[in-house]
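Participant: Put together the whole structure using the sequences plus the hints.
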Amino acid sequence: MTEEKDISCILCPNGCDIKIKYLDDEIIEIEGALCPKGNDYAKQEIKNPMRTLTSSVMVEGGDTSLVSVKTDKPVPLEKVMDIMDVIDDLRVKAPVSVGDVILDSPAGLDCSIVATREVKINI
Amino acid sequence: MKKQNYDIAIIGGGVVGTAIARELSRYKTDVLLIEKENDVGQGASNSNSGVVHSGFTAPVGSLKADVCMYGNSHFEEICSELDVPYEKTGKLVVAVEEKQIAELYNLQYIGRKNGAELYIVGEDFIEEKEPNISGKAAMYSPNSAITSPYELTIAFAENAHQNGVEISLNTKVVEISKKNSKFSVKTDRGEILTDYVINSAGLYSDEIAAFSGEDRYKIYPCRGEYYVLDKNASGLMSRLVYPVPPENAGGLGIHLTPTVEGNILIGPSNEYIDSVDNEATTKEVMDKLIKEARDFLPKITRDMVIRSYSGIRSKIVPPEVGGFTDFVIEKSPKYDNFINLIGIESPGLTSAPGIAKYVVEMIDEMEKLREDKDFKKTRKGITKFYELPEEKQKELAEDNPNYREIVCRCENITKQEIIDALNNPLGVQTLKGVKYRARATMGRCQGGYCMARIIKIMQDEFDMDLEEIKLEGNNSNLFAGQAKGWG
Amino acid sequence: MMKKELVIIGAGPAGLAAALAAYEDGIEDILIIEREERPGGILNQCIHDGFGLHKFKEVLTGPEYAHRYIDKVREKELEIMTNTIVTELTDEKELKAFNENDGILHIKAEAVILAMGSRERTAGGISLPGDRPSGIYTAGLAQNLMNLQNIQVGKKIVILGSGDIGLIMARRLTLEGADVKAVLEIMPYSNGLRRNINQCLVDYNIPLKLSQTVIDVKGEDRLESVTAAEVDESFNPIEGTEYEIECDTLILSVGLIPENELSKKANVQLDDTTGGAVVKDNLETNVDGIFSCGNVLHVHDLVDFVSDEAEKAGKAAAEYIKKGHKLNKDNIFVEAGSGIGYVIPQVISKEKDQIFSMRVRKPDNEKTIKIAADGKILHEENFEKVNPSEMIKIKVSSEKFKPLEKSTIKVVAE
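Going down the list, the protein sequences come from chains A, B and C. Note that the first sequence covers residues 1 to 123 in our numbering. Note that the second sequence covers residues 1 to 487 in our numbering. Note that the third sequence covers residues 1 to 414 in our numbering.
Any given hint could be a false lead.
In silico BS3-like cross-links for lysine-lysine, where the CA-CA straight-line distance does not exceed 25 Å [to be verified]: (1) K384/B <-> K264/C; (2) K231/B <-> K129/B; (3) K156/C <-> K19/A; (4) K156/C <-> K5/A; (5) K393/C <-> K37/A; (6) K209/C <-> K283/B; (7) K394/B <-> K265/C; (8) K156/C <-> K79/A; (9) K181/C <-> K120/A; (10) K265/C <-> K231/B; (11) K322/C <-> K108/C; (12) K283/B <-> K218/C; (13) K394/B <-> K108/C; (14) K120/A <-> K72/C; (15) K43/A <-> K322/C; (16) K79/A <-> K155/C; (17) K322/C <-> K370/C; (18) K456/B <-> K155/C; (19) K181/C <-> K209/C; (20) K96/C <-> K264/C; (21) K299/B <-> K264/C; (22) K394/B <-> K96/C; (23) K73/A <-> K43/A; (24) K93/C <-> K231/B; (25) K93/A <-> K283/B; (26) K288/B <-> K218/C; (27) K209/C <-> K19/A; (28) K395/C <-> K367/C; (29) K5/A <-> K322/C; (30) K394/B <-> K393/C; (31) K3/B <-> K394/B; (32) K299/B <-> K265/C; (33) K352/C <-> K394/B; (34) K362/C <-> K19/A; (35) K385/C <-> K21/A.
Each pair of labels, with its calculated beta carbon distance range [to be verified]: (36) D104/A <-> E233/C: 49 to 59 Å; (37) E398/B <-> D25/C: 34 to 44 Å; (38) D374/C <-> F125/B: 46 to 56 Å; (39) T241/C <-> D287/B: 14 to 24 Å; (40) D124/B <-> D272/C: 29 to 39 Å.
No wet-lab data here; the hints were simulated from the structure. The beta-carbon is built from N, C-alpha and C at its ideal position, and this holds for glycine as well.
Facilitator: This is how it looks when you write it as structure tokens:
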């Protein structure tokens, strides 16, 4: 049976409402996106929704106790909580710069956790 | 409680209980003040209008009129001794309709008999003094004033404490019985023996009175809800503005009160409720507050509101009876040295000094009290940095970096004031404790900015754990714990 | 007294962008005053992504977006005075400030840019009824506590208001192990961006309850439950629809208020609708040499637009400092007409091309926004979809204003 889904694109603030018809993995019809990225996004959403995870990691010896982090690429939505578990007790040492890799392949996934802010050493 | 035996135990750390404690601390006597909450003033004392009344509502010759008049004439001196804000703003009781004018003369008659200075003034006077207020005529009371009810209660307690009174917070009385010549006061934190018991338990005074065989009184809790307006609205008026008291309502009617902090209060309502601890606010009443306030001051708008709160009066007549009732301050039927204070509601704040004196005289009559020559009548509050002249600010900031950091940006409170508040002599370390002592979180952002900073000071300077930081009551923990590294 | 050509109050996205723009235009004597420990403003706690798509054509997190500007400000060696709080500002552009190093500071500026941002509407501000226990937080405060101070405010959460911060916090709290029971929204639509509803609520199966609000709060010490109810068209609770939600935390995401306390002290005229200053097309307020941009002017949904606006204010301030004040006699007043909440700027000159920023009053499809004066339509644009949560910008060339006789133009959505 063909299925139909309404998807709001999250890639940009336009938030296009995309209508997609599909049968299993096969896309039958897709409309509503203002750009091609939207179509790709909708297709991905049907198959396996991907998200960039943002969170924070504890810092030792820094001028602040947390460093904000993100996955350097989108990860499967269903794996997000696995990463959260891995980083819950993780600690890094100050200093940290924006873009520093905090952890490679969290929960065995093909991504890295990178810092999104700088943390200086607490003097 | 540090000891087994006391001369006098005061039950209840509201403004009346703490005023009595302070008054007793002038004498050589062992006093214990017992308060069930974790700070003083947690009942009606923290949640009233903060008005020092001039005494024109209580009938001539009543105890209420006497203690209120005493309070009015001594308040300025007491506030100056205790470093508590006091401002003689004056009050207008405004007739919004012609037919209310006659009632103004009635009030003036009673008030003058009580010794209050009162004038009937016309529309021109209102227009000149309070151009935003609309009214046909008013009674003007130049001696009405405002104070900070929480700071006063804290100041009474601190001054009493400094003069040797022991204050036991977080202590709930469970039973009082006669044990030989003494009273045994059993609490959830142990038992003490005392010669005298002073029941100043406010909303619970009927329950405490029952231990002394006094069962004639029952407390009918009557809630008053308030709105607090942003300081930006403070220019709208500068005096107390009251309506002509509504007939038989048992309250003063919804009025407008400037506070010493510079806000305006609208309220209180007058609602009999079932439970003595139901301090909720309700949509119906809050809508009514705005509506009635706008009758006097049409420029008030809803977006000026920064907070609502309520306090509960301990009335001793049910709503169907209503009308005037006097304060009950008397020896219990069974025991002379068990003094019950029941039905102490408005004007309880103004009356507290007079009540304290009255109670101490009752004890003095039974047992000659000996003056304590070491009594210190002054108490220093927290230095309010932003109210100081700039020269003085510079001097303080020069010596102490904590005065260079403003933690609460609405009220301009420095880090040192927060530290002072957390270092208070009663050992209270809750967020509300800081609020009532240093005013932080009281402004328009309601802690949105400073709360995170105060928490950090609690952690960094006082080694408090996140899990033990409380808003007010013992179970009012603010946080669930750490976000990261929690489990 | 310290003297500066340009003082910028606030080192958030608006202040930083304004400083860089003024510097580009030749002003070097700049002081940016920031009350926090570090520059970046609210972006420092907005650790989620979604920023920078317009400005940098890539998706950044809040701290990364801020970092781009902080790096440039450092590179140009512009002075940022952190941990400094401005307590007074006069219409003579004199400031009083406090900080740990200097104690009390007095500064005289030739021009001032207001970039103080906004604060959150509180429980008191919305007259939240019921008890007043612990466990009630504004969304931004909860975000600050969680993302900057590592504090989890609670475990069982209800969120009132579906503005973006509320939605973001619904996800954030869920990720950190809390159970977000529902997001209640009194309006029949959400005020948050659509993508946030999707990736913050739908992804985590958090129900969004439209046309519902909290009508009672229970809890003697800590919050124990809230009572929710459906509301009618005038936002009054509908009897019989009440239900209780057990929770220990209520997060309020019920609006932002431009933080104009200092502006008022300097006699800056404010607009009742935006809560921000009334500004000319160069973002100058009624006070000569005081400019306003970012959330202190009006609440934005995208930081990219804040940066754009701030650059404009920075350039205008630079021009003011270099050339002094030019009186413009051909002022035209801009009014928000039917269907439009507000329009910025409120005063324009005929000589320049204009970009109007505006918000519609309610979400709708197939709307035409018309800019009209003298009974004629100067400009119109069609929109497939409009939403109050998404700011609309419309560019109009100066050619259209030149023939105008009347001094007021009106913007309507039809």
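Participant: A separate judgement is required for each hint: does it hold in the structure or not?
Facilitator: Hint-by-hint comparison with the structure:
For the proposed pair K384/B and K264/C, the alpha carbon gap of about 24 Å is at most 25 Å, so the pair holds. In summary, the hint linking K231/B to K129/B is supported, as the alpha carbons are separated by about 19 Å, within the 25 Å threshold. The straight-line distance between the Cα atoms of K156/C and K19/A is roughly 35 Å, outside the 25 Å bound, and the hint therefore fails. Note on K156/C and K5/A: the hinted pairing is violated, with a Cα-Cα distance of about 31 Å set against a maximum of 25 Å.
Among the hinted pairs, K393/C with K37/A is consistent with the structure: their alpha-carbon atoms are about 24 Å apart, no more than 25 Å. The straight-line distance between the Cα atoms of K209/C and K283/B is roughly 21 Å, inside the 25 Å bound, and the hint therefore holds. Taking the CA atoms of K394/B and K265/C, the gap is near 22 Å; set against the 25 Å cutoff, the hint holds. The suggested pairing of K156/C with K79/A holds, with an alpha-carbon distance near 23 Å, which does not exceed 25 Å.
Restraint check for K181/C and K120/A: not satisfied, since their Cα atoms lie roughly 38 Å apart, outside the 25 Å limit. The suggested pairing of K265/C with K231/B holds, with an alpha-carbon distance near 13 Å, which does not exceed 25 Å. For the hint pairing K322/C with K108/C, the CA-to-CA distance comes to about 17 Å; that is within 25 Å, so the pair holds. Under the criterion of a C-alpha separation no larger than 25 Å, the hint pairing K283/B with K218/C is consistent with the structure, at around 14 Å.
For the suggested pair K394/B and K108/C, the alpha carbons sit about 19 Å apart, so the restraint of at most 25 Å is met. Between K120/A and K72/C the CA atoms are separated by roughly 18 Å; this keeps the pair inside 25 Å, and the hint holds. A C-alpha spacing of about 55 Å is found between K43/A and K322/C, which places the hinted pair above 25 Å, so the restraint is violated. The suggested pairing of K79/A with K155/C holds, with an alpha-carbon distance near 22 Å, which does not exceed 25 Å.
The straight-line distance between the Cα atoms of K322/C and K370/C is roughly 36 Å, outside the 25 Å bound, and the hint therefore fails. At most 25 Å may separate the alpha-carbon atoms for a hinted pair to count; K456/B and K155/C meet this at roughly 21 Å. This hinted pair checks out: K181/C and K209/C have alpha carbons roughly 11 Å apart, not beyond 25 Å. Between the alpha carbons of K96/C and K264/C the distance comes to roughly 15 Å, so the proposed pair stays at or under 25 Å and holds.
Between K299/B and K264/C, the direct Cα distance comes to roughly 18 Å. Compliance with the 25 Å bound is thereby established for this hinted pair. In summary, the hint linking K394/B to K96/C is supported, as the alpha carbons are separated by about 12 Å, within the 25 Å threshold. A distance of roughly 18 Å separates the Cα atoms of K73/A and K43/A; the hinted pair therefore holds under the 25 Å criterion. The straight-line distance between the Cα atoms of K93/C and K231/B is roughly 23 Å, inside the 25 Å bound, and the hint therefore holds.
At roughly 51 Å between alpha-carbon atoms, K93/A and K283/B are farther apart than 25 Å, so this suggested pair is violated. Annotation: proposed proximity of K288/B to K218/C holds, straight-line Cα distance about 22 Å (limit 25 Å). For a cut-off of 25 Å, the pair hint linking K209/C to K19/A stands: about 23 Å separates their Cα positions. The straight-line distance between the Cα atoms of K395/C and K367/C is roughly 17 Å, inside the 25 Å bound, and the hint therefore holds.
With a CA separation close to 58 Å, the supplied pair K5/A and K322/C exceeds the 25 Å bound. Under the criterion of a C-alpha separation no larger than 25 Å, the hint pairing K394/B with K393/C is inconsistent with the structure, at around 48 Å. Between K3/B and K394/B, the direct Cα distance comes to roughly 46 Å. Violation of the 25 Å bound is thereby established for this hinted pair. For a cut-off of 25 Å, the pair hint linking K299/B to K265/C stands: about 20 Å separates their Cα positions.
Annotation: proposed proximity of K352/C to K394/B is violated, straight-line Cα distance about 48 Å (limit 25 Å). Between the alpha carbons of K362/C and K19/A the distance comes to roughly 24 Å, so the proposed pair stays at or under 25 Å and holds. Of the supplied pair hints, the one linking K385/C and K21/A holds, its CA atoms being roughly 23 Å apart against a limit of 25 Å. Between D104/A and E233/C the beta carbons are some 55 Å apart, a value that agrees with the proposed interval 49 to 59 Å.
Taking the beta carbon of each, E398/B and D25/C are about 39 Å apart, inside 34 to 44 Å as hinted. Distance hint check for D374/C and F125/B: the Cβ-Cβ separation is about 51 Å, which falls inside the suggested range of 46 to 56 Å. Evaluation of the 14 to 24 Å hint for T241/C and D287/B yields a pass: the beta carbon distance comes to about 20 Å. Take D124/B and D272/C: their Cβ atoms lie about 32 Å apart, and the range 29 to 39 Å holds.
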